[in-house]
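Colleague: Sequence:
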Amino acid sequence: FVPKDELSDFLKTPGKLEALLESACHKRFTRADIAAVEERLLILSILVLIDRGYLIDYCIKVPSLVDARLPLERAPDSFSADLFQRFDEEQWAFCAYEFKDGPSDVQILNDIIFPISPREEKGSGRTSTTWLVDIHPWYCFCAKNGDDDDDDDDDDDDEYIVKTYNAKTSLSERSYRNELNAFETLRVNEDAGKHIVKFYGSFTQDGSHNVILEYADQGTLADYYKNVEGPREQTDTTDFWERMFNLARGLRQIHDVGHRHGEHDDGFHGVHQDIKPSNILVFSNGEKSPYRYTFKLADLGHSHFGLHDESGSEVNHKVAVGTRTYGPPSHYVERQVNSKFINAEKKGDIWSLACVFSEAAGWVTYGLPAIKEYRNLRTQSIARISDFQDSDCFHTGSSVLPEIEAWHTKLTGLCRASDRVTPNIWRILLQDCFKAHELRFSADQFLGRTFDLLVMQRKITASEIYTSAYSPKQRSQAPPRPKRAHTHDPSADTITTHRPHDSSSGASSNDMSFLQPLRKSGEAFDTCATPTTPPASLIGPNANAGPSHTQADVGTTAYGSPRGTDLSPSPPQVSDKAYPGLTTNVPGGELPFNNSPSARQTRDSGCGIPGIAESEPDVMRNMSQPSTEGKFEAEKSPQRQCPVHDTPGSKVPTISVAEVERWMSGRKLRRLRRESEKLPNEEYLNRVKGRNHMILVDDAISMKDRWPEVINFFSSFAYLTKTVDVDGSIDLCFTVSNEKCCSKKSSLLLSKVTERGSHLSATSNPESVCDRILYEWKKKANPSKLVSWINNPTLPPVTLYILTDGVWENRSDLSSFVKDVVGFMNQKDLPRKHIGVQFVQFGNDKRGTARLAHLDSGLNLDKDIVDTEPSDGNILKVLLGPVDDTFDN
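One point on numbering: in the UniProt record's numbering, the residue at position 484 of the sequence shown is 484, and numbering is uninterrupted.
Misleading hints may appear alongside valid ones.
Derived DSSO-like pairs (lysine-lysine); straight-line CA-CA distance at most 27 angstroms [said to hold, decoys possible]:
{"id": "1", "residue 1": "Lys704", "residue 2": "Lys780"}
{"id": "2", "residue 1": "Lys780", "residue 2": "Lys863"}
{"id": "3", "residue 1": "Lys651", "residue 2": "Lys863"}
{"id": "4", "residue 1": "Lys722", "residue 2": "Lys740"}
{"id": "5", "residue 1": "Lys752", "residue 2": "Lys198"}
{"id": "6", "residue 1": "Lys778", "residue 2": "Lys833"}
{"id": "7", "residue 1": "Lys12", "residue 2": "Lys61"}
{"id": "8", "residue 1": "Lys704", "residue 2": "Lys833"}
Derived from the structure by calculation, the hints contain no laboratory data.
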């Protein structure tokens, strides 16, 4: 084909078009004629090719003969049949198909040329083949060009996947219709493309169905496991799980697509039916760290969307069999009756996604070899079940394999102390996903539990920041991190990784049984290297009952994940009587969750969390340097003090962020044990009960480096604030984004803040947002007569918390906002404490600090409604500063 843009650029070069016209028509054209020809450059080119260039003089006099009308379906009046036949043969090279947003399944004429350059075949199956292609950018006007997260300078902007179905089989036709229906249904959700592969359109030509999708430059999750080593650093582990858990968001969008009209559920729900690693795509999106890649659900060819009945029960619909390995027991039973079709059920998707996460936990802990051994373990277990047809699934045909829980128990003992997701993923999430169908999680519940896991992980991140925990002397005494030592055995084809012996580790043979052969032989071993095969403790006692994977099979040096295996005594596990979602990897000594003297001593340590010592942040120190007494002592770690604001003769009561974190982490445990534990100075919170609480988060680019601190502060503050809010819900908004949220679930609010952190790009002008907030306050205080008579609304006491660094646009100033609020309060005769504005400053930018100080004490208004406090300061002052003179200074 001839690209239109290149042809136009060539002919519009000064002098080119005039010379061509003069040569073809033997006459000079006026400026008006030239302008008319410029609307017919394609027609002119075709006429020149068939040696009829002079006819352009006729064409410019016919309004309907313009390039926009190509391809011509019938001959113009002055064209003979022979002339039009020649014209028709050439015109298709100039009429390549233009991809535009619009209806799907466009029927394309067989003669149309597609401006596509195939790069390579990416995969082929029973129903379809996928191709990586380049689409000429001039002909591609689909939604990709408007994506916010695409870089205009990205070399991959023209890369797409074209999935071609073989329409000659009924199965291919059905799969195409299913996938097309799924994408069309999901189009109503603007956020669907964040967690589900993006759909750019579809077309049918010459009986072949084609779907255009976004290109996953990192392949599938199965490819990712092979090409990326498991995370070693705590931040990498957290990043990986955060992005994996976003798959639950995509699944919820499929399951609850009926919520497409606000909060109204019209009963239209979906089922994916084929969730497995090969149907999860991985996108780098410009990220350098592979643990920050994006994961998305793909391949909706087995999906089904339909109505639910009035009671909310699923309307069973027979669909083609999807995944076997990752499918639930109910699908296995149904396949025994009908080998081709099974009931579509949302709870089946929950099982499948749980299987994916179960394997991911092994990869995080021990890399690709762990996944292979996990599959081998399931295969061996299933082989012992008579007349069972599937080979490596996660169930017995009726319930989950018992080896699944045993596997996760073994993983727990091998996880890093800084990893709270992987060791807790079974108890908090997966065990409820592997229950019987009627007891299994919904997508909403599934997503909620992933929030719980991430909150736990963020707590340990916060505790690292909170404890500069060790003095310089202690840090200097920590043993140097040993280097990896590789020795090559000439008789072997693989590199064997040995571990230098550390006599100070205090590890026993019972702690890391897989290290025993090395210890007996006297070989050294490295605390941060990866064994060439997974430990025997991962595989279990029946590891030799079936086929096994050799070192060559698993490709250790290519894919093995260097682990920082701790050699201190095995971390004690929380009693099963405690909250099943809490596994605390604390070395040295058992955490006593009972009424023994040691338990009472621990509970009296002062942190306010039963069974956990006050020096909990010390779990982050080097695990190869155990305490001489086998436990951590609080007095060895200087605690970070919150700023205490003295008043004459007294101190202002304080609650620190760390104290709130510890109180939160133990709250569920205490509830199960029917114990009560108050925060220090908790009684002062009564002073702000019955108020509305609004949080405005500054999401400007200047906050990017501070965002982890924002997440940490917000997690604790939102959780605490909802306990004193008048209706238990918190209003959340941003200075840059227009997104708003009001919820009683602090975990949902936290997820909004966390997500926003990946889209910080603009500068901040909080003035406009604050003015809108004041406008809403005025509306509540001045309702219409009808609204007032029906609802009797009032403006309850309210505090606006602004989380910011104070680095705003040059002319942005909230002085007028504060003055307007005070003026509004005077007009309505509202008391001084009715409205408060609290600034929480992140960082110590001098200009920002000065700006906030001026708002706090430099306006000289008759009502002092403003207070400021650093983000690592006194939480009580944040809550009470703008409305209580005791805390305002």
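Colleague: Each of the hints needs a verdict: does it hold here or not?
Modeller: Hint check results:
1. For the hint linking Lys704 to Lys780, the alpha-carbon distance of about 35 angstroms lies beyond 27 angstroms, and the restraint is violated.
2. Of the pairs offered as hints, the one joining Lys780 and Lys863 holds, with about 21 angstroms between alpha carbons and a cut-off of 27 angstroms not exceeded.
3. Annotation: proposed proximity of Lys651 to Lys863 holds, straight-line Cα distance about 24 angstroms (limit 27 angstroms).
4. Under the criterion of a C-alpha separation no larger than 27 angstroms, the hint pairing Lys722 with Lys740 is consistent with the structure, at around 17 angstroms.
5. At roughly 22 angstroms between alpha-carbon atoms, Lys752 and Lys198 fall within 27 angstroms of each other, so this suggested pair holds.
6. With a C-alpha separation of about 17 angstroms, the suggested pair Lys778 and Lys833 falls inside the 27 angstroms cut-off, and the hint holds.
7. Pair hint Lys12 plus Lys61 holds up; C-alpha atoms about 21 angstroms apart against a cutoff of 27 angstroms.
8. About 33 angstroms separates the Cα atoms of Lys704 and Lys833, which puts this hinted pair outside 27 angstroms; it is violated.
Checked against the numbered hints listed earlier, the structure breaks hints 1 and 8; every other hint is satisfied.
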